[in-house]
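Number of protein chains: 2
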Amino acid sequence: MIKVSLIGKGKVSQHLNNVFDKTNTISVVEVLSSRGDLISKINQNNNAPQVDIYIIAVSDDAIHAVATQLAQTKSLVVHTSGSVSIQMLPEGIRRGVFYPLQSFSENCSIDFKEIPLCIEAEKQEDLNLLNNLAALITNSVFEISSKQRKSLHLAAVFVNNFTNHLYQIGGNICKQQNIPFSILSPLISETARKVENMSPEKAQTGPAIRNDTKTIEAQINQLENENYKKIYRILTDSISKKHEEKL
Amino acid sequence: MIKVSLIGKGKVSQHLNNVFDKTNTISVVEVLSSRGDLISKINQNNNAPQVDIYIIAVSDDAIHAVATQLAQTKSLVVHTSGSVSIQMLPEGIRRGVFYPLQSFSENCSIDFKEIPLCIEAEKQEDLNLLNNLAALITNSVFEISSKQRKSLHLAAVFVNNFTNHLYQIGGNICKQQNIPFSILSPLISETARKVENMSPEKAQTGPAIRNDTKTIEAQINQLENENYKKIYRILTDSISKKHEEKL
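Same order as they appear, the protein sequences are chains A and B.
If you want my numbering, it's the 1-based position in the first sequence plus 18.
If you want my numbering, it's the 1-based position in the second sequence plus 18.
Heads up, none of these hints are tricks.
As the list makes no split between identical chains, a pair holds if one copy fits it or if it spans any two.
Derived DSS-like pairs: lysine-lysine, alpha-carbon spacing no greater than 25 Å straight-line:
{"hint": "1", "residue 1": "Lys-232", "residue 2": "Lys-165"}
{"hint": "2", "residue 1": "Lys-259", "residue 2": "Lys-247"}
{"hint": "3", "residue 1": "Lys-40", "residue 2": "Lys-21"}
{"hint": "4", "residue 1": "Lys-232", "residue 2": "Lys-168"}
{"hint": "5", "residue 1": "Lys-141", "residue 2": "Lys-21"}
{"hint": "6", "residue 1": "Lys-168", "residue 2": "Lys-247"}
{"hint": "7", "residue 1": "Lys-27", "residue 2": "Lys-168"}
{"hint": "8", "residue 1": "Lys-21", "residue 2": "Lys-131"}
{"hint": "9", "residue 1": "Lys-27", "residue 2": "Lys-220"}
{"hint": "10", "residue 1": "Lys-29", "residue 2": "Lys-40"}
{"hint": "11", "residue 1": "Lys-27", "residue 2": "Lys-59"}
{"hint": "12", "residue 1": "Lys-248", "residue 2": "Lys-259"}
{"hint": "13", "residue 1": "Lys-220", "residue 2": "Lys-259"}
{"hint": "14", "residue 1": "Lys-168", "residue 2": "Lys-131"}
{"hint": "15", "residue 1": "Lys-27", "residue 2": "Lys-131"}
Simulated from the structure, these hints should not be mistaken for lab results.
Predicted model, so just to flag it, every value in this text is computed and none were measured.
With the sequences and hints as input, model every part of the structure.
Structure representation (structure tokens):
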């Protein structure tokens with residue numbers, strides 16, 4: 019049995035709590051609010067068994083302040099953030115990271131089994147503990163350093179945040195012509211599905227990769243929104259390899 | 019039985035041929051290459067039964083030239099392009115459009131049942147015929163005008179071509195840190211899946227929508243590729259609503 023204390027009551031904490039609850043081998047001893055005096059809350063829980071892992075699932079900016087209050091603990095302390103280094107946790111404690119690479123929404127259940135869990139720790143025994151914890155909820159565990167995680171989080175901004183915004187623009191273009199957004203659904207799914215078996219380079223289609231300047235110019239003229247025109251141009255240029263593919 | 023002649027041997031033609039073949043009610047009488055003298059090819063097929071519909075599945079630029087050769091036919095003549103107007107087919111014939119809204123790849127089978135088929139015709143009887151043909155292969159038939167179709171095609175460029183390019187950028191960012199592209203797969207799928215039940219506006223997460231300028235600046239600095247920096251900035255600006263949402 020792995021005993022866990024969850025700190026924070028946001029989406030990540032809720033999702034972890036739900037999936038931990040479904041196992042017989044992870045016990046969520048407490049879910050603490052990150053606000054106020056954490057130490058006294060933990061001390062009030064004297065009757066609770068000592069936890070193996072504190073999981074700090076709070077906003078990036080709050081991680082340091084919360085973790086500082088745990089500077090005396092002998093348990094493993096991890097945060098769940100994609101962009102915060104392990105170094106943000108106090109020196110001298112057993113520290114680590116437990117980052118699920120997924121975009122969580124509130125009223126949206128999720129199958130954890132396929133979610134990549136990115137783990138990091140300084141000591142092998144802590145890494146083993148995180149690996150055991152992760153393997154109880156997902157089939158996909160990766161040992162990822164803080165530096166790698168920072169890049170992964172940035173990549174996630176492109177494939178999730180920015181992609182979703184392109185869906186929004188597509189929807190707006192349809193709306194102008196009284197076409198329902200749902201007509202785009204199969205294309206959106208297929209675009210995502212395709213890169214499961216094929217690199218995005220190979221999957222690329224459309225006027226930009228064909229250098230079909232006639233269609234490109236016609237489509238830019240068709241857009242009235244200056245912002246959409248700019249986005250169209252810059253992504254078209256990027257696809258047609260006018261820029262070096264260097265990070 | 020609907021008798022069809024397919025003109026063109028590209029991806030769309032191949033996919034239509036495959037899916038028509040699976041029905042007992044659509045007969046593909048011939049598949050003609052669009053190159054050379056189409057009329058003589060059709061005349062060589064004198065023994066073939068007369069077709070109900072000629073489906074011109076060739077590149078946009080070739081549609082007009084191919085269709086001109088069919089100026090004498092009494093059958094319905096349609097093209098399959100998202101961006102070409104019905105007017106590009108010769109006046110005086112029964113003309114229409116049969117546009118499957120999907121991105122087809124060569125060695126990639128596809129389930130047609132969910133693909134939206136956008137049909138257009140000038141006469142009600144031709145619209146009925148196209149509707150019958152479409153309903154035999156998909157559950158999703160839309161009557162879409164040339165003007166609407168042009169917008170739909172543009173929306174598809176955003177949600178397919180541009181989205182796929184963002185996958186490529188995400189993959190390149192991972193590659194720099196020796197992280198496999200496949201780690202992004204569940205996030206890519208979930209991002210697509212989410213907008214089946216939720217508008218992209220509601221599904222939007224990340225630093226841009228939170229106006230988290232600290233993370234935004236850090237991520238821009240993290241990118242070394244000037245092109246990626248520009249894409250990051252313009253999409254972040256767009257998400258944070260610095261621009262009017264006007265087409």
